[in-house]
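Heads up, the final residue of the sequence shown is numbered 237 in the numbering used here, and it's a clean run with no missing numbers.
Be careful, since some hints might not be right.
Stated by the list, open to error - Under the rule of at most 25 Å between Cα atoms (straight-line distance), these lysine-lysine pairs were calculated in the DSS-like manner:
no., residue 1, residue 2
1, Lys182, Lys214
2, Lys89, Lys182
3, Lys141, Lys218
4, Lys182, Lys209
5, Lys176, Lys218
6, Lys89, Lys231
Simulated from the structure, these hints should not be mistaken for laboratory data.
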Amino acid sequence: FATPAPWAPQAEAPLAVPDVPTPPHALPAPPPDLSDFARLKARNVALPVQGVDASQLRDNFSEMRGGRVHEAIDILAPRGTPVLAVDDGVVQKLFTSVPGGLTIYEFDRDGAYCYYYAHLDRYADGLKEGASVKRGQVIGYVGTTGNAPPGTPHLHFTIFKLGPEKEWWKGTAVNPFPLWALKALNNSG
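Take these sequences, add in the hints, and give me the full structure.
The structure is reproduced here in structure tokens:
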């Protein structure tokens with residue numbers, strides 16, 4: 049008998065189906081770096097859209113969009129819904145771009161994370177670069193600027209872990225959804 053080549057397909061075992069039903073609110077996998085998850089959980093990162101409950105969110109962080117991974121959470125809400133600062137921090141940059149439209153880059157108070165808010169309809173009155181913001185403060189309003197579909201107002205939100213150079217465009221995206229899903233589970237019971 050010949051030994052099959054190591055790259056030859058192997059017979060697969062049938063998939064086991066669990067006897068226990070999957071809970072309807074199963075948590076997504078935490079981020080690969082649990083220290084980020086723990087740090088952000090300790091900061092109690094808020095939901096950035098007023099009136100939206102964590103149970104209404106869908107984890108679309110890892111979906112493919114235009115040939116790349118999305119690396120953000122889209123939070124649907126009516127145009128003009130207030131967007132809130134998720135943590136105490138500083139407005140590092142107010143910027144308009146083709147993909148993101150009207151955007152805000154907020155650095156946390158330690159300069160470890162950048163919170164990115166995109167597709168805004170407008171900024172809150174008086175918001176400017178260098179301004180300190182408090183968790184829950186209105187910083188903008190949901191819109192469809194940039195490449196957002198005109199009929200689908202939403203906030204495109206992500207967290208970037210910053211490196212020592214503090215350049216958000218070089219940051220590593222961190223999925224905020226597990227933080228909010230955990231909060232929703234804790235509030236449901």
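Consistency of the hints with the structure:
1. Between Lys182 and Lys214, the direct Cα distance comes to roughly 20 Å. Compliance with the 25 Å bound is thereby established for this hinted pair.
2. Note on Lys89 and Lys182: the hinted pairing holds, with a Cα-Cα distance of about 17 Å set against a maximum of 25 Å.
3. With a CA separation close to 15 Å, the supplied pair Lys141 and Lys218 stays within the 25 Å bound.
4. Our distance criterion of 25 Å between C-alpha atoms is met by Lys182 and Lys209, whose separation comes to about 19 Å.
5. Our distance criterion of 25 Å between C-alpha atoms is met by Lys176 and Lys218, whose separation comes to about 23 Å.
6. This hinted pair checks out: Lys89 and Lys231 have alpha carbons roughly 9 Å apart, not beyond 25 Å.
Of the numbered hints given earlier, the model fails none.
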